[in-house]
Every structure is written in structure tokens, then in C-alpha cells.
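So the protein lines, in turn, are chains G and D.
Take the first sequence: its letter number 112 is residue 112 in my numbering, and every next letter is one higher.
Take the second sequence: its letter number 37 is residue 37 in my numbering, and every next letter is one higher.
Source of the hints: derived by calculation from the structure; they are not laboratory data.
Among the hints, erroneous ones may be present.
To be verified - Residues from chain G shown here face chain D by an in silico Cβ test under 8 Å; the list is partial:
#, residue
1, G3
2, I48
3, D50
4, V52
5, F133
6, A156
Said to hold, decoys possible - For lysine to any residue, the following SDA-like pairs were computed, each having C-alpha atoms within a straight-line distance of at most 20 Å:
#, chain 1, residue 1, chain 2, residue 2
7, G, K124, G, E230
8, G, K13, D, E85
9, G, K36, G, E138
10, G, K124, D, E85
11, G, K177, D, E61
12, G, K56, G, Q113
Glycine included, each C-beta is placed from N, C-alpha and C at the ideal position.
The lines below spell out each chain.
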Amino acid sequence: MAGLMSRASLVVKSKFSKVLDRAEDPGETLDYSYEKQLELLQNVKRGIADVVTAKKRLELQEAQLQQSLVKLDSQAREAVAANREDLARQALERKSGLQQQLQALDQQTQQLQQQQEKLVASEKTLSAKVEAFRTQKETIKAQYSAAEAQVRIGEAATGIGEQMADTGLAIQRAKDKTDQMQARASAIDELTTSGAREDFTSDQTELDRQLGAIASQSQVDRELEQMKAELGSGEEKKELQQ
Amino acid sequence: MIVRLMGEGQYDVDDEVAKGLNELDEQAAQALEAGDEEQLGELLRRMAEQVRTNGARLADEDLSPSEAIVPPDDLSLDEARELFEGEGLIPDLPTV
Chain G
1 MAGLMSRASL VVKSKFSKVL DRAEDPGETL DYSYEKQLEL LQNVKRGIAD VVTAKKRLEL
61 QEAQLQQSLV KLDSQAREAV AANREDLARQ ALERKSGLQQ QLQALDQQTQ QLQQQQEKLV
121 ASEKTLSAKV EAFRTQKETI KAQYSAAEAQ VRIGEAATGI GEQMADTGLA IQRAKDKTDQ
181 MQARASAIDE LTTSGAREDF TSDQTELDRQ LGAIASQSQV DRELEQMKAE LGSGEEKKEL
241 QQ
Chain D
1 MIVRLMGEGQ YDVDDEVAKG LNELDEQAAQ ALEAGDEEQL GELLRRMAEQ VRTNGARLAD
61 EDLSPSEAIV PPDDLSLDEA RELFEGEGLI PDLPTV
């Protein structure tokens, strides 16, 4: 069984093996290669911009969901005041479910933040390498025979290709992450609007789900008692004042 | 030996460190085979830590290729499988 390091190298190298095949006329290949690198660099920058946009949209959505929490809380209070414990319970159940989903979303936001930081650093490294390639290609053209140039082009292109594959992976992962979060946020949106009691966290076992339901139920009971007590003491005060 | 930590950068490490890396790497491959995500993550973290602590970071403009590539340490099992199948995770690069 091959180790992971050699397997990763193999995968990365297979992604840019074609880069090396092209080196026929060194001077021409170098210029063409550099142009392509600039194009790829632009793609990378667009990819990063997409991730940043998706992240901002998610943050906005999260803020809206936080407001839903506040709204559900006040709805529950109103229901208790109206002596509609059944409705208050529904609102609090929905709030508790929403809170759990928001926590999960929050964790993913933090992971995405870290990925974004790495992505920006990775793009900076790629830019520096492309710039170094530009300088080197002129040196290679001016100083080396065709045969020597082949070797040097091969090395430089490998170094660049490796970085491109690495940055490409970072972008892909960040995109996958935002897609996942988008799906989760949409599911939560549905939860708040329809109140459907579904399990959106795919990796939970039945036991996890039941434990979560118990915790959620007791929180609902606790909050319900607390609200009753608060409202109860408020009414007593009113009676005393009269 | 030049080692790339994916998503992070390249480092130059000596033979002693490389030897330690290979041992951890073997265990990581076993963890992946066994489908043990936690163990895989822990081993990849230790590998990255070894490289970071004992290696000298290469300058950004250095164009040297790496002799070994360490996958990101927060790789999930699904991502790892996808990465090593060579199909999905790294997008295809246009011919340069």
C-alpha cells in the first residue's frame, strides 16, 4: 500500500504532466507557458472572489436567522401571555431546533474563514512564482542551449504546476464548503418558515437525534416554566397595585 | 528533501525528519484504509507539525518541485478518497 505523500504527489503531478510534454521549441514554449500562467492566475483570483461573495451571502443569511430566534422568542412570550401554552411550546421547539442548526452553521463559517485566509496566501505564493518564472524564462532564453533549456523549463514548469494544483485544490475545497453551508442555510430557512421537524444534519445517528430531542425538550420545559414564573409574578404585582 | 504542505507552502527538511514523516505516512495510509477519519486527521496534523517545526520554509518565488506532498490536515475521509482517486478534488489544469 503506497503512502499518502507519494499518492498525493502522483495525483498532483498527473494534473500537469501535459505541461512538460509541450516543451519543443524552448523560447516559444516559455512565452506561451507564461501567458497561460497569467490566465490561470486570473481564474484563481476570480475563484477567490466567488468564495468571498458566497461567504458574505452566508453571513447575511446567518444574521437573518439570528433575528428569527428573537422573533420566535417574543412569539412564545405572547402565546404564554395569551394562555396558549401549546403555541408557545411550538415556537420554543422551533427556536431550539433553529439554535442547534445555527451553531453548526457558525462552526462551518469559522472553518471557511480559515480556508479563505489560506487561499489568499496561496494565491500570493502563486503570483510570486509566476513572476519568478517570467524572470527565469528570459534568463533561460538568453543563456542556455536548447537542450539545457529543456531541463530548466521542465523544473520551473513543475514547480509552477504543483503550486497551481495546490491553489486549485484550496479553491475547490472552499467552494465545496460554501455549497454545503448554502444547503444547510436553505434547510434552516425552511425550518423557520414551515416548522418542519426534520433532521438536516446528515451524519447524526438515531441515538444522537433522540438525545438532541431530549435536551431540546427539557430546554423548552425550562424556558416555559421560567416564562410562566415571570409573567405570574408580573400579574401579582399588578394585583397589588390595584 | 523538499516537502509541500498542501494549502500552506513548501519546506526543506533533513533526512531524519523525512524518515519520521515516512513512518507517520504509513500509519496515515492505514487510517485511510480503515476509514478512521479522526486518526487520519491526527496523523496528518502530526506530519504537518514535524515539517513546520523542523523544516525551513522555501521563498514564495522558489520554483523547485517538491519530492513529497502532504495532504491538508483537515481533509475529510470523503475528500481524501476523492483526492486519491485522482478524479474530482483537484480541478484539471488547462495545458500550459
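Hints versus structure:
1. G3: Holds - the Cβ of G/G3 comes within 8 Å of chain D, reaching about 4 Å at its closest.
2. I48: Not OK, violated: G/I48 not within 8 Å of chain D, min 13 Å.
3. D50: violated (13 Å)
4. V52: violated (17 Å)
5. F133: holds (6 Å)
6. A156: At 5 Å from the nearest chain D Cβ, G/A156 passes the 8 Å test, so the hint holds.
7. G/K124 with G/E230: With a Cα-Cα distance of about 57 Å, the restraint between G/K124 and G/E230 is violated, given a limit of 20 Å.
8. G/K13 with D/E85: holds (13 Å)
9. G/K36 with G/E138: Holds. G/K36 to G/E138 sits at ~16 Å (cutoff 20 Å).
10. G/K124 with D/E85: violated (28 Å)
11. G/K177 with D/E61: violated (29 Å)
12. G/K56 with G/Q113: At roughly 11 Å apart (the allowed maximum being 20 Å), G/Q113 and G/K56 satisfy the hint.
Hint violations for this structure: numbers 2, 3, 4, 7, 10 and 11, all remaining hints satisfied.
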